Structure formats: C-alpha cells, structure tokens
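Working from the sequences, and respecting the hints, build out all of it.
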Amino acid sequence: MSRSFLTKFAWLSIAAALATIGLKTAAYLLTGSVGLLSDALESVVNLVGALMALAMLTIAARPADEDHAYGHGKAEYFSSGVEGGLIIVAAVGIALTAGERLIHPHELEQLGLGLAVSVAASLVNFGVAIVLLRASKKHDSITLKANAQHLLTDVWTSAGVLVGVGAVAITGWQRLDPIVALIVAANIVWSGVRIIRESVSGLMDKALPPEDVKALCDILDKLNQNGIEYHDLRTRQAGHSKFVSLHVLVPGDWTVHRGHELVEHIERDIRSALPNVEVITHLESLEDPASWELNRTTGPDPSPDDSAKA
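Here the working numbering runs 286 ahead of the position in the sequence shown, where the first position is 1.
Rather than coming from a laboratory, the hints here were simulated on the basis of the structure. Keep in mind the model is a prediction, meaning the values are calculated, not measured. Any given hint could be a false lead.
Here are the computed distance ranges between Cβ atoms for each label pair [claimed, not checked]:
| no. | residue 1 | residue 2 | range |
| --- | --- | --- | --- |
| 1 | Leu337 | Leu572 | 53 to 63 Å |
| 2 | Ser290 | Asn510 | 39 to 49 Å |
| 3 | His425 | His354 | 19 to 29 Å |
| 4 | Asp574 | Ala350 | 25 to 35 Å |
| 5 | Arg554 | Gly371 | 35 to 45 Å |
| 6 | Ile389 | Leu315 | 17 to 27 Å |
| 7 | Ile456 | Arg420 | 30 to 40 Å |
| 8 | Thr541 | Pro575 | 14 to 24 Å |
| 9 | Thr457 | Leu382 | 18 to 28 Å |
| 10 | Leu304 | Val449 | 18 to 28 Å |
| 11 | Ile389 | Leu337 | 27 to 37 Å |
Every residue gets a Cβ at the ideal spot worked out from N, C-alpha and C, and that includes glycine.
Right, dumping it as structure tokens:
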C-alpha cells in the first residue's frame, strides 16, 4: 500500500513551523530576549526539517522498481539525519548569540506580552508533536518520529526560555537570559545527536529491535522440537519495511513439496508476528555438511541475541 498519505503530516508540520516562527519572532521583537530569539531560530530549523521530511516521505512512498527492488524506504533516514544536523547547527548559532549577550547584557522589555505570545507558539508545537508522534508509531515512520521529537524538544526549550525570562523579570539579573539560552543550546545538541545516531543505525542496516528478534526466535525455536534446525538468521529495517532471512535445515529425504510447505508456514507465522516484513528462507539438508557453511564474507555466526542462531 502506498504511504503517500503520510505527506499530509509533513504539511501539518510545515504549517506549525510557519506559525511558530511568526509568533516567536514577535515575542523576541517585543522583549529583546536572546532566549526567545534562540527559540525563534529553532523554529526556522523546524521549517527546514519539515520541508525535508515532505521531500523524503514523497520519495519513500514510491513503489519498488527495477533499480530499487527493495523500495525507497531508506529515504526517511536521510530526512531524520539532516534534521538532526540542522538542530546542531541551530544550537551553535544560539550559543554564539547567547555568549555575546552574556558579555554585554541587555535589558528586556514587555515581558508579559512577549511571554504570552511564546506560550501560544509552544502550544501549537505541542499539539502538532503529539499528532506526529502518534502517526509515527501507527505507521512506523522514522521521519515523523524525528520531526515529532524535534517539536517536543522545541516545547521543552520554550519552557526553559520562559523560566529564564521569568527569572529575569523577578530578579532583574539580565545575565540569566543568556545563561538559560546556553542551557537550551546544550539540550538541542543532545536531541540532534540522538536523531542522527538513529538515522545512521538505519542506514547501516542495524538489526531489528530486540523485541522483534525475540518474536522471531519464539516462532523459529518451535522448529527444534520437530527435529528441524535453522541458522544464519539476519534482520534489518529500511524505513517502515522489515527484512528477515534465514536458512531452514530439514531431513535430506524430505520431498521438495514437503520442505516448501514448511517454509511457507514459517513465513506466514513471521508475517503475522511482524508487520511490513519481507521474509526470505533458504531450504537445506540436515545431513549435508555444506548446509552449515554460512554465506558470509567475514565474521562468525552471531548468537541469537545478535539476531542469528546456529
């Protein structure tokens, strides 16, 4: 089924970014707070990230073709990786601006109205983030997940800025504003690193999550009770699509038909346990020593915890 419908969530994120840029810029102009300026700059990054998400979700929705037999799902990892990088760039800009203001403090103005505008922007981000997070879980989209995490980071960032600006209003100590902005920048960097790390894991064909591997092993371990073996279990994920391959070893006197029925049953069970999975099985004879030779260029056969069983 085409996943082109997911682009509507990217458009929602774009609309939210435009709205929050306007609101947070207005808050900065009203108050002169560098903390609120840092908040507005991050919303610009949100907009770029949302545009990238739209582009990559459009590509990822394309069906498999002659040059991309496994589809285009990995395009989503590029989107989340770029967004993570943009988050870090924004954090550097915030830190530089805050550092200058820390050296040369500036009195804040119209704090009440500025804070009210900033709160409104945060509520917009929070609402959209919840929608995107639910959609990412339902449709298994790393792009929407990264976008949602970014918006939630923006919400907590805004909360920190509001605390800083409020503290300035109460204490009159102007340097609290840039100090909070520096803390915000550090938090944004951590968020960006997390998103990039998850994207790299996907591009490097990291194995499926432990809970998915356990579900696979629960199915496959039942084979041992019937004198059948399996090994060379390998898994990976590309966007929402999951890929599983394994060798199934049966008695050598089985007919091709009987062996085929067995692997068809195994594949059906795996598809029932894991959504959006493509399964490849290789049937081999238990008595043939060559069956136990792995089709790998390097490295030993991993343990079950590493997504394989010998």
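Cross-check of the supplied hints:
For Leu337 paired with Leu572, a C-beta distance near 55 Å keeps the hint of 53 to 63 Å intact. Between Ser290 and Asn510 the C-beta distance comes to about 43 Å, which sits within the given range of 39 to 49 Å. Against the hinted window of 19 to 29 Å, the Cβ-Cβ separation of His425 and His354 comes to about 20 Å, which satisfies the hint. In this structure, Asp574 and Ala350 meet the distance hint of 25 to 35 Å, their C-beta atoms being roughly 34 Å apart.
Hint check: Arg554 to Gly371, Cβ distance near 41 Å, so the stated range 35 to 45 Å holds. Between Ile389 and Leu315 the beta carbons are some 22 Å apart, a value that agrees with the proposed interval 17 to 27 Å. Ile456 and Arg420 have their C-beta atoms about 37 Å apart, which keeps the hinted 30 to 40 Å range intact. In this structure the hint that Thr541 and Pro575 lie 14 to 24 Å apart at CB holds, the actual value being about 22 Å.
In this structure the supplied range 18 to 28 Å holds for Thr457 paired with Leu382, their Cβ-Cβ distance being about 25 Å. The supplied range of 18 to 28 Å is met by Leu304 and Val449, whose beta-carbon atoms lie about 26 Å from each other. Against the hinted window of 27 to 37 Å, the Cβ-Cβ separation of Ile389 and Leu337 comes to about 35 Å, which satisfies the hint.
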